[in-house]
Amino acid sequence: MSGPSRYNPSTGIEKWLDARLPIIRLGVDTLIFPSPRNLNYWWTFGAILAVMLVSQLITGIILAMHYVPHPEHAFDSIQHINRNVNFGWLLQPMHAVGASMMFLAVYIHMFRGIYYGSAKNPREMIWIVGMVIYLLMMAAGFMGYVLPWGQMSIWGAIVITNLFSAIPPEAAGTSVTQWLWGGFAVDGPTLNRFFSLHYLLPFLIVGMVILHVWALHIPSNNNPTGISIKTKADTLDFHPYYTVKDAFAIVVFLMIFSWFLFFMPDSMGHPDNYIPANPFSTPPHIVPEWYYLPFYAILRAVPDKLMGVIAMFGAIGVLFALPWLDTSKVRSMRYRPLAKQFFFLFVLVCLGLGWCGAKLPSDLVFATGVDADGHAKGLTFVWFSRILTVYYFAYFLVILPILGLVEKPKPRPASIEASVLGNSKGEA
Amino acid sequence: MLKRIASFAVLAAFVAGSAIAAGPKADLKDVDWSFEGPFGTYDKASAQRGFQVYQEVCAACHSLKYVAFYNLTDKGAPFYNPDFPNSNENPVAKAIAKMFTVSDGPDETGDMFDRPGVISDKFPAPFANDMAAMASNGGALPPDLSLMTRARVDGSNYLYSLLVGYKDAPEGVELSSGMSYNPMFSGSKIAMAPPLFDGSVEYSDGTKASVDQMAKDLTQFLTWAADPKMEQRKATGWAVMLYLLILAILLYGSYRAVWRNVKH
Ligand code: HEM
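Protein chains in written order, with this note's numbering: chain A, 4 to 431; chain B, 190 to 453.
Wrong hints could be hidden among the right ones.
[What the hints assert, rightly or not] Covered by chain B, according to a simulated footprint, are these stretches of chain A (three or more residues, beta-carbon under 8 Å):
| # | segment |
| --- | --- |
| 1 | 18 to 25 |
| 2 | 76 to 90 |
| 3 | 237 to 250 |
| 4 | 264 to 274 |
[To be verified] As a list, the in silico DSS-like pairs of lysine-lysine whose alpha-carbon atoms are at most 25 Å apart:
| # | chain 1 | residue 1 | chain 2 | residue 2 |
| --- | --- | --- | --- | --- |
| 5 | B | 423 | B | 233 |
| 6 | B | 311 | A | 233 |
| 7 | B | 311 | B | 254 |
| 8 | B | 264 | B | 283 |
| 9 | B | 311 | A | 235 |
| 10 | A | 413 | B | 283 |
| 11 | B | 254 | B | 287 |
| 12 | B | 283 | B | 233 |
| 13 | B | 378 | B | 423 |
[What the hints assert, rightly or not] Sample of chain B residues at the chain A side, in silico, Cβ under 8 Å:
| # | residue |
| --- | --- |
| 14 | 227 |
| 15 | 342 |
| 16 | 422 |
| 17 | 433 |
Source of the hints: derived by calculation from the structure; they are not laboratory data.
Think of the CB as a built atom: it goes at the ideal place given N, C-alpha and C, for glycine as much as any other residue.
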C-alpha cells in the first residue's frame, strides 16, 4: 500500500492481534485510503462488479448442489431446480441473468478505462490484470452456458471448440480439439469437465480481483480529469465518501438487475436453450450469448477460418497492449477533442459488431434494390461487419497511436482541486 | 446524475434488444395475454379449460413431463385454491391424478404394473419412448409441451398462432401424406394434423369451445406449465423493487449528507 498506514490500534486486543496478524490494518488501509475527490458515477462499476461477482458465487454454489453434470440429466436438473428446489426459481435465473448483468457492467468499466486513460502509465498492471479477469469471465460464461445442456449449449460448444480445429492438424489442431472434448465429439466428458472448470474459474477471478485492487492501491484511482493526485486537497478518503456513493450506485444497478430478473428473465437468453441438446439436429441459426457477439462478428467477417480465429483472438489481444497503443500524454479524453470523437465512434462500432453477430451474415442491413433474379440486394451483414472490423483494429493500431502524437489537447486545469473549485461546470 | 442513469438505461435496453437475436416472426398473431407485463397473471378459468383440452386432445400424443399433478394446485397454478395452501391436500389434484394410469414397479416379482396416478406423479407420457412416438406419428416426434412457450421466439403467441394457423395448401405446394399446411410452422409443412375442431371438447363452464377459444385456453395452460412460478416471481419482484427503491433513496440521502461540505 502506498503512504503511511492510517490504522491506530486502540484496544489491547487490537494491539495484540496487530502485532501478530495485521488483518484489521489491511482492512482499514484498504478502505481509508485517499481517492481523487472528483470521481463520477463511471467509477462505481468496479464496486458493482465486486457485488455481482459475490452474487454469482453464492447463487452458483447453491445451484451446484442440485445440478447434475450428465448429458441425460443436466437439462432435467435445471428444470428440477426451477420447479421443485426451494427458491430455485429465484436462484437459477439470478445466476443466468446475473452473468449478463456482470458483462454489461464490465463493458462499461472497460469503456470507462479507455475514455479516461485509466489503462495508461502508471496503471498498466491494473489494466492487464483486468484483461486477465475479462478473459476468465469469457471462459466462465461460455462454460456456464453449456451446463444447462440445451440446444444452444451444445451447439455453441460445438462451434467454439471447433475453432481450435482451425489450427492445422500438423500443428496439433486435431489433438487439441479432442483433448478439450475429452473424446471425439462434444459429449458427456466435455460437459463434466466444463462443469469442473466453471466451478474453478470464478475463484481464479476472485484471486485476480485481489491483485487488481492491490495494484489500484499503488497509484490510487485515476479520475475524470486524468490529472495525477498532487496534494491532499485533491483527495477524499474512500470511506465514507466513496463507500456511500458506491453503495447508492450498487442499489440502482441492482434495481435494473431485478427488473430483468423478475419481469423478463428470458430476455437475455435464447429460446432454443429450452430445447434439450440434440447433437443430430442443428439449429438453423446458432448464436452465442450477447456478450460474445462482437467477437463472433469479427470471426465471421474473415473468409478464412484460421485467419478468422486469429482475428477474433487478436481483437481481445490488442486490448492488452492498449496502455502502450494510446500514445497521448494526456490521459482523459475530456481534453482530447479528436480522440473523444474517435472513441464514441469506437463504442458505436462495438455495438454495431454486436448487431452483426446476432444476424445471419447474408441478411441485409439495408436494401438498395433487387438483383436480376428479383432478390433484394444491398449491404449484407458480413460486409457491414468487415467495415466495422477494419475500424475496430484501426482504432487501436493506427488511430490511437497516431492521434496521441498529432492531436493538440485542450488546456487542462492545474490540479484536481483546481478543476473542482475553478470551473464547477465539469461533468458530475 | 439523472443523465447518467438515463444513458445507462438506454444501454441496458440496447443489450436487451440485441439479445432477442432472431426477433419474432412478423406474421404471428399478437394476442393481449393476461400474463404479459410486470403485473400480469394467468387467467385461471381459461387455464383450467386449457388443461381440459390438453388432457382430452393433446395428451394423446404430447407429454408434459416436467409437470407433476400437485403442481396444478400450487400457488399461481390453474387449480390453486386458497383454502388449501398446502397443495398436497387439495382434492382437485388427487382427482385429476386418479384419472391417469401410471406405470410403476418393479413389484416383488419383478414385474411392472399399472396403477392410478397419485399427486406426486408427473404427467405420464403417451408413448413408451421416442421411437414408439415416432412410429405412431409417421416418423415425426411430438415434442414435450412443458417448455413449449419458452422454447420458441415469442412462444405464447407462437403456440396460439400455430393452433389457429392451419390452412389449405396454396397452389403448387406438394404435401406428402400425413403432412398439413401451416404457415406458422417453420417450413410451413407440419406432421401434426390440425388437432382442434370447433367442439373438440365440451367445457363444463358453458364457454363455447371454438378453435380460437381452445387455442387461447391452451396457451394460458401451457404458458403456466412452462413458467409455473411466474406469479410468485413477479410478486417477489415488486417487493424487491420497493425495498431497493427505499434503500436507494436512503443511500442517496446519506450520500448527500456525507458530501454536504465537499465541493466536487
Ligand atoms: C470481476 C471483474 C472486475 C472487478 C470486480 C473489478 C474491480 C475494480 C474496482 C473495485 C476498481 C476501482 C473502482 C473503479 O474504478 O471502478 C477497478 C478499477 C479498474 N479496473 Fe477493474 N474490475 C474488474 C474487471 C476489470 C476489467 C475486465 C478491466 C479491463 C480490462 C478492468 C480495468 C480497470 C482499470 C483500468 C481500473 C482503474 C480505473 C481508474 O482508477 O480509473 N477491470 N476495478
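Of the hints given before, which are not true for this structure? 1, 6, 9, 10, 13
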